[in-house]
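Take a look at the letters that make up each chain.
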Amino acid sequence: MVPTNFYLILGAMIFFIGAIGVLTRRSALIILMCVEMMLNSVNLTLIALSHQWGNLNGQVFVFMIMAVAAAEVAVGLAIIIAHSRHTQTTNIDEINLLKW
Amino acid sequence: MSFSLLFFIVIGAISLAAAYGVVASNLPIHSALFLLTHFATLAVLYITLDAQFLAATQIIVYAGGIVILILFVIMLIGSERIENQGPYRTWTPYVAMFLGLILVITLAYSVMTGQQFGTPTLAIPDGGAPPVLGLALFTQYILPFELAAVLLLVALLGALLLARRSKIETK
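Protein chains in written order, with my numbering: chain H, 1 to 100; chain X, 1001 to 1171.
Please note: incorrect hints may appear among the correct ones.
To be verified - Facing chain H, according to a computed beta carbon distance under 10 angstroms, are these residues of chain X, among others:
#1 1020
#2 1042
#3 1048
#4 1057
#5 1100
#6 1141
#7 1144
#8 1145
#9 1160
Calculated directly from the structure, the hints in this document are not laboratory data.
Where a beta carbon is used, it is the ideal one built from N, C-alpha and C, also for glycine.
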């Protein structure tokens, strides 16, 4: 029997690695993958707690998160394609249309 | 050390290594393949947590759908090495380290002082088998379920509209 804490710690570590990726990588595609990883770590946490308390609500939440993640990645990739058609790059440091 | 704990440690280590590979590899295509490994190991962990339906969904949606979509896009727009090219904001790594430190402190604090879980007492009948989860989805959570369907439709149309070539471009 694996303690629930171990799952939560693993989820936190995966979330942390994903956050590092989002903040340090420059490729829009890899940033999108890291966001997916962070969503998955939250899924792992929800399922672990659902198992801990014997309650199905956590698993239903995970189902909804999966639907939102699929929608998010489809629209995100479409935006990346549309933008790379104009500028031939996916480097987010060169995607600086907004001025400040 | 019990077998289940050893299994968890091995799978968790593979999962963490794959997650590190996603962040650290140079080519986006390697990242995508590491991401596939990561999703597969998470599906295994879901099975150990009695969520069989979600494990299957994880494989189908993430490994079968999202990673394949990412691989298609990488092949469409090319996977050039773009790190350290073009204008580079030198302050970003420091902000990343600072925010990461805050995250580590917060997580460590909540892990150290948080609730200690005992062994799970209330087991879900049949775990996360499809009939049990389906019953919950179609009775108690019918409204979010329908909203998710609308969301997926909107995302489908939006992705089509965004990624479509304009008529002027194709002429």
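Quick one: which hint numbers does this structure break? Sort them smallest to largest. Violated hints: none at all, because every hint is consistent with the structure.
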